[in-house]
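Chain residues, written in single-letter form:
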Amino acid sequence: GESVGLHLPTLSVQEGDNSIINCAYSNSASDYFIWYKQESGKGPQFIIDIRSNMDKRQGQRVTVLLNKTVKHLSLQIAATQPGDSAVYFCAETPIQGAQKLVFGQGTRLTINP
Amino acid sequence: KAGVTQTPRYLIKTRGQQVTLSCSPISGHRSVSWYQQTPGQGLQFLFEYFSETQRNKGNFPGRFSGRQFSNSRSEMNVSTLELGDSALYLCASSSGQNSNYGYTFGSGTRLTVV
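Residue numbers (my numbering), protein chains in the order written: chain L, -14 to 98; chain Y, 15 to 128.
Pulled out of the complex, with its shape left as it was, chain Y reads as follows:
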């Protein structure tokens, strides 16, 4: 079956702009989580959505937001981009049930802010 699909793969944006990233989970998975990966901070949890509701949130400023659609596809948005937002943004999907933590990651979107 198809894996987790993230689009676009690469993005270059200017400071102050906003950006929207997309994630399509594995078919049947209802939970989508987002992570930011940087060389300095490593992999950090942004937020998790399940059935169109944000269920968990990490310690990121309000410029980072997300949403999930009825087909479980998710988007994350970063407004007023800063140079420090340059990172690999990863999406992971899972069934979302407490007894099953099978997370599958996509290949990520590489965001560069100039």
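In isolation and in its complexed conformation, chain L is listed as follows:
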């Protein structure tokens, strides 16, 4: 079935350290993956995406890694800042072309000063 899971529900890091948030997915046919950030009282905000034909993609302070062999996705945030505190969700599009996202349960990232 379709499911996207996350390894940890909470993650606490020191300000300035790097954060790694992990996600496992079950559908090997998934075509497209997205990481979202959700702050309290707001909707999910796009961070970075990656297609299934790629292994790595970098943005500003963020990197997404995709390991299709073990169906694992990770989000790396460099030099975390207080503003990075939020819940992070991975999401996948299970069928190519389908306008439908399957979300993981989310990881709450807390930045300690």
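It cannot be assumed that every hint is accurate.
Calculated Cβ distances over 10 Å to all of chain Y for the following chain L residues [claimed, not checked]:
no.	residue
1	I5
2	N7
3	N12
4	D40
5	H57
6	A76
7	Q90
8	I96
Here are the simulated BS3-like cross-link-like pairs (lysine-lysine), alpha carbons at most 27 Å apart as the crow flies [said to hold, decoys possible]:
no.	chain 1	residue 1	chain 2	residue 2
9	L	K41	L	K56
10	Y	K27	L	K56
11	L	K41	L	K53
12	L	K27	Y	K27
13	Y	K71	Y	K27
14	Y	K27	L	K53
No lab work stands behind these hints: they were computed from the structure. Just so it is clear, CB atoms sit at the ideal spot from N, CA and C, and this is done for glycine as well.
With chain L's structure known, arrange chain Y on it following the hints.
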């Protein structure tokens, strides 16, 4: 440009009532998707509309329905409300084209059923 606008932001309804939520997508976006977010189930896909047609549907009962208008604005309706329908309802818009998955979410409508 303006983002995705959802109204109202908050709603309190009584069991058995019905409710209608509204979503205005980003200008030019033709696809509108709806998601339900709860602490227990997380974010779950409800349905997606493109050019006034429902294109995809999630695993929700028939009490949950939606529609899209010619200007791409969408509404979702929940009839015979249950306590378990209390959730944050999120709308996302995109161009709807297969090669472009750029989804943008609104801030949601917080529905509380009492």
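Consistency of the hints with the structure:
Non-interface call for L:I5 relative to chain Y: holds, since the shortest CB-CB distance, roughly 21 Å, exceeds 10 Å. Listed as a non-interface residue, L:N7 keeps its Cβ farther than 10 Å from every Cβ of chain Y; the least gap is roughly 16 Å. Once the 10 Å rule is applied to beta carbons, L:N12 is consistent with being away from chain Y; the minimum gap is 14 Å. Interface exclusion of L:D40 from chain Y stands, the closest Cβ pair being 19 Å apart, more than 10 Å.
Distance to chain Y confirms L:H57 as a non-interface residue, since its nearest Cβ pair spans about 19 Å, more than 10 Å. With a least CB separation of 8 Å from chain Y, L:A76 falls inside the 10 Å interface cut-off, contrary to its annotation. At roughly 5 Å, the least C-beta separation between L:Q90 and chain Y is not larger than 10 Å, which violates its mark as non-interface. With a least CB separation of 22 Å from chain Y, L:I96 remains clear of the 10 Å interface cut-off, as annotated.
For the suggested pair L:K41 and L:K56, the alpha carbons sit about 14 Å apart, so the restraint of at most 27 Å is met. For the given pair, Y:K27 sits about 41 Å from L:K56 by alpha-carbon distance, which is inconsistent with the 27 Å threshold. Only pairs whose Cα atoms come within 27 Å are accepted, and L:K41 paired with L:K53 is accepted, the gap being roughly 11 Å. The hinted pair formed by L:K27 and Y:K27 meets the criterion: a straight-line CA distance of about 21 Å does not exceed 27 Å.
Between Y:K71 and Y:K27, the direct Cα distance comes to roughly 25 Å. Compliance with the 27 Å bound is thereby established for this hinted pair. Straight-line distance between C-alpha atoms of Y:K27 and L:K53 comes to about 45 Å, which puts the hinted pair past the 27 Å bound.
Hint compliance for this structure: hints 6, 7, 10 and 14 are not met, and every other hint is.
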